[in-house]
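Protein chains in written order, with the working numbering: chain H, 665 to 1128; chain F, 665 to 1128.
Source of the hints: derived by calculation from the structure; they are not laboratory data.
From the three backbone atoms N, C-alpha and C, an ideal C-beta is built for every residue, glycine too.
Hints may be right or wrong, so weigh each one.
[What the hints assert, rightly or not] In the BS3-like style, the derived pairs of lysine-lysine whose C-alpha atoms are separated by at most 30 angstroms in a straight line are:
(1) H:K675 <-> F:K982
(2) H:K887 <-> H:K846
(3) H:K675 <-> F:K687
(4) F:K1020 <-> F:K887
(5) F:K887 <-> F:K872
(6) H:K1034 <-> H:K788
(7) H:K1034 <-> H:K920
(8) F:K1020 <-> H:K846
(9) F:K846 <-> H:K894
(10) F:K894 <-> H:K846
(11) F:K894 <-> F:K872
(12) F:K846 <-> H:K846
(13) H:K788 <-> H:K846
(14) H:K687 <-> H:K1073
(15) H:K687 <-> F:K894
(16) F:K982 <-> F:K846
(17) F:K788 <-> F:K846
(18) H:K1034 <-> H:K982
(19) H:K872 <-> F:K846
(20) F:K1020 <-> H:K1020
(21) F:K872 <-> H:K675
[To be verified] Output of the computed footprint for chain H on chain F, the stretches with three or more beta carbons under 8 angstroms from beta carbons of chain H:
(22) 712 to 722
(23) 887 to 898
(24) 1042 to 1050
[As the list claims (entries may be wrong)] A few chain H positions that, by computed beta-carbon distances, are all more than 12 angstroms from chain F:
(25) Y694
(26) I797
(27) A833
(28) R1004
Protein chains: 2
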Amino acid sequence: MDAAEFRRRGKEMVDYVADYLEKIEERPVYPDLEPGYLRDLIPTEAPCEPESFEDLMQDVERVIMPGITHWHSPNFFAYFPAASSYPAMLADMLCGAIGCIGFSWAASPACTELETVMLDWLGKMLQLPECFIAGTHGHGGGVIQSTASEATLMSLLAARCKAVRRVQAVESERSESDVLSKLVAYTSDQAHSSVERAALIGAVMMRKVPTDEHFAVREEMLKKMVEEDKAAGLIPFYFCATLGTTPSCAFDHITKLGPLCNKENMWMHIDAAYAGSAFICPEFRPLLNGIEYADSFNFNPHKWLLINFDCSTMWVKKRTDIIGAFKMEPLYLKHENQERFRSLKMWFVFRLYGLKGLQAHIRKQVALAKEFESLVQADNRFEICAEVILGLVCFRLKGSNELNQNLLKRITKSREIHLVPCQLSGRFVLRFAICARTTESRHIQRAWRHITQLAFELLQEQPH
Amino acid sequence: MDAAEFRRRGKEMVDYVADYLEKIEERPVYPDLEPGYLRDLIPTEAPCEPESFEDLMQDVERVIMPGITHWHSPNFFAYFPAASSYPAMLADMLCGAIGCIGFSWAASPACTELETVMLDWLGKMLQLPECFIAGTHGHGGGVIQSTASEATLMSLLAARCKAVRRVQAVESERSESDVLSKLVAYTSDQAHSSVERAALIGAVMMRKVPTDEHFAVREEMLKKMVEEDKAAGLIPFYFCATLGTTPSCAFDHITKLGPLCNKENMWMHIDAAYAGSAFICPEFRPLLNGIEYADSFNFNPHKWLLINFDCSTMWVKKRTDIIGAFKMEPLYLKHENQERFRSLKMWFVFRLYGLKGLQAHIRKQVALAKEFESLVQADNRFEICAEVILGLVCFRLKGSNELNQNLLKRITKSREIHLVPCQLSGRFVLRFAICARTTESRHIQRAWRHITQLAFELLQEQPH
């Protein structure tokens, strides 16, 4: 394919993309097929000779589209949002054309530099303490990672390195492997599985801190565990706090946990993967109070800030902590020291939406969640299962887990809307997350009518 | 920005991309600016109100383009290629629109399934043993990773887990931390720094195996180190072989190293990041002989197979080894269990080029490297420093390192072509890699005239 054909096919693809997104509501949000469906629809080997673009695009509709869970349908309420916007897509086109690999300044100066400045822009939108901003006299700065999991792993490894050095500075006879075997990391029992996985990769112990009735970690509980572990000869070194847990969007008490971590020489990492985007709104910024105690902070603009995947932003208070852990230059701060020109997406989205446009997006989606919450509250067959703070509503039918499992099965089978469940204190709960950029009040109202209709049918069939 | 504006701006961007790539030769391949150039060119904060697309695109030319190292210029001969093609860019546009996050089958069936089948297609192109192909009765299969570094880390962690279990199965009283402290991994002294980094992350020892006069690891040397380490009470568990090293594209002797690893219960991972793409050509496939002994194999189609970054393909012989190490389901085989719909790029490129088109691309670029090699060989002021097997030529002026450093400085400063150096046996060597898809014989000839002109001037100035 030469440039002339790309001009033609590229414009056709722009229309295909716009058509797909404009008419996405007409497609069932969730596919109706069995695992393994695809293999029979395409050849077992690549073609030897080139095929035509027309044939390929026909197969997109025949093979791919029937197997898509449409994350950007306004009827998609599962997981957390995956950000998507036209400005980000335009930036990705440019990024693909430039096609640089930014593993050092020389390999791509603009890529390296725009990233640092975009992290400063975003850090300022969040009102991060100055020590996290690179263009100041502080020692911190930000970097783009692929995922929150990657950011968690990097912070844990940096903390591990720092802890080993600190212990050995005092007890020079202790071997590294002895110290490693005594290190303990902590996180909420509500934390994402990737936190536990980071400890598995880093070969250190991880303990789950029990949460309170709001599914949040409180200072007392962590303090108790740390003291027990220290008494047993272990070395607490890391705590991963969560702001906006995956099951219920709960917030750990970082204003109290932070001073405890600082006092105990424990690295505090804050994972705000979903919730972080909301902190650009002054009314939600208090949820981030306590950030000043953190050593590192991460959230995913690719979840809720209209920047297509992947764009997970991480800030550290001391760049040298990361550099020390990886024996690398500042420019190699990344977990994988290779990347695309991802900051272009941030630049396009920030400039074409403006801060006000981004705030409007967050506020609209929180309002939609509140609207759904009101609908649930007004129906006494249902109950709300966790405080609705941002764009997630956890709810269930009053009654057994089985009843709610059956309700979800019917919802999934109907394919009009898509939800996923979670477990909260042993209870099977439905999660309703506002996801698509184009979700409006009418979608919320229709979703609720649909849910209540299925619930009505289900309850009718129950033995009394 | 709504769909209507995206249709308009998207088509403008398609033309911008095509114009950029058609006229890329007119731009200096390497930027002429100092680190920190960008911060002064843009505001210190994001705008509050939305800005116009026209202003943004003007800033792309004003702020971004002057800071780009043009990886797709036919005058770019640095590092290794970064793959780029129009079909891959079209696939990325579609991928952005679908915008699914493929962390489970249900989250995106087509994404999960197309990936498995595309890895089979590619595995068959490489004539991988059947045990690596998912659609067979074997226990293996392939998965897309972001980078070769990520694949190396995953293989090392899987090997670590397997080794601990094996030792503890025999000596049940040994603690995990004791076993970990005795594990030793090995790799070539020519291996990429990411291999050493994987060991650092995994908290295991790594030893560098000295290479022979062709910069390759031979069986004898690894065997000697393994025996010494075993005698010292250590536990050899992992060897990362390299096919096509970064400095000189050297090939470790895997047909001999493989049986040694198998006999010693050491996991053999093969990193063929750059060279792997060439194995789709029957004449280069013998370089992969010995793959049957490997536990895992990785290369980067995003380097040399016309699939834009990121697309690093990894196969394992036993899926359960990886699943066991990460306590995860097969669908979560990834290092980061989140991803974009990357297999679309493979599907588009394989179908629109066909196997023959891909082979033609590899063969053309190897021929261009051979052409450059001949030019160097015909000039007795220069010498070739490593056998030219694929698309990389290592060469230097006969004489001191300082002389060659000065030559490279002049090349870099002139900005007509771009090269980077390497060290081979203490000698400063220039690497000339065929990179851009559009590089032709005339670019090679012109590059050589340019290099010899600068060398002539430099040698004239030398005291005799």
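Exercise. Are the Cα positions of F:K788 and F:K846 separated by 30 angstroms at most?
Worked result: Distance of about 38 angstroms is beyond 30 angstroms: violated.
Exercise. For the pair supplied as a hint, F:K1020 and F:K887, is the alpha-carbon distance within the 30 angstroms limit?
Worked result: violated (41 angstroms)
Exercise. Regarding the pair F:K894 and F:K872, is the alpha-carbon distance no greater than 30 angstroms?
Worked result: holds (16 angstroms)
For this session: Take the C-alpha atoms of H:K1034 and H:K982, compute the straight-line distance between them, and say whether it is at most 30 angstroms.
Result: violated (39 angstroms)
Problem set entry | 30 angstroms Cα cutoff - pair H:K1034, H:K788 | holds (28 angstroms)
Exercise. Can the restraint linking H:K687 and F:K894 be considered satisfied, given a maximum Cα separation of 30 angstroms?
Worked result: violated (65 angstroms)
Problem set entry | Distance restraint between F:K894 and H:K846, which requires alpha-carbon spacing of 30 angstroms or less | holds (26 angstroms)
Exercise. If you draw a straight line from the CA of F:K1020 to the CA of H:K846, is it 30 angstroms or shorter?
Worked result: violated (56 angstroms)
Problem set entry | Restraint status (C-alpha distance of H:K1034 to H:K920 at most 30 angstroms) | Given pair H:K1034, H:K920 holds - Cα atoms ~28 angstroms apart, limit 30 angstroms.
For this session: Decide if the proposed pair is consistent with the structure: F:K846 and H:K894, CA atoms, cutoff 30 angstroms inclusive.
Result: Given pair F:K846, H:K894 holds - Cα atoms ~26 angstroms apart, limit 30 angstroms.
Exercise. With d taken as the least Cβ-Cβ distance between H:R1004 and chain F, does d exceed 12 angstroms?
Worked result: The claim breaks: H:R1004 does not keep its Cβ more than 12 angstroms from every Cβ of chain F (closest is about 6 angstroms).
Problem set entry | Check on H:I797 being off the interface with chain F, judged by Cβ distance over 12 angstroms | violated (10 angstroms)
Hint compliance for this structure: hints 1, 4, 8, 13, 15, 17, 18, 20, 21, 23, 24, 25, 26 and 28 are not met, and every other hint is.
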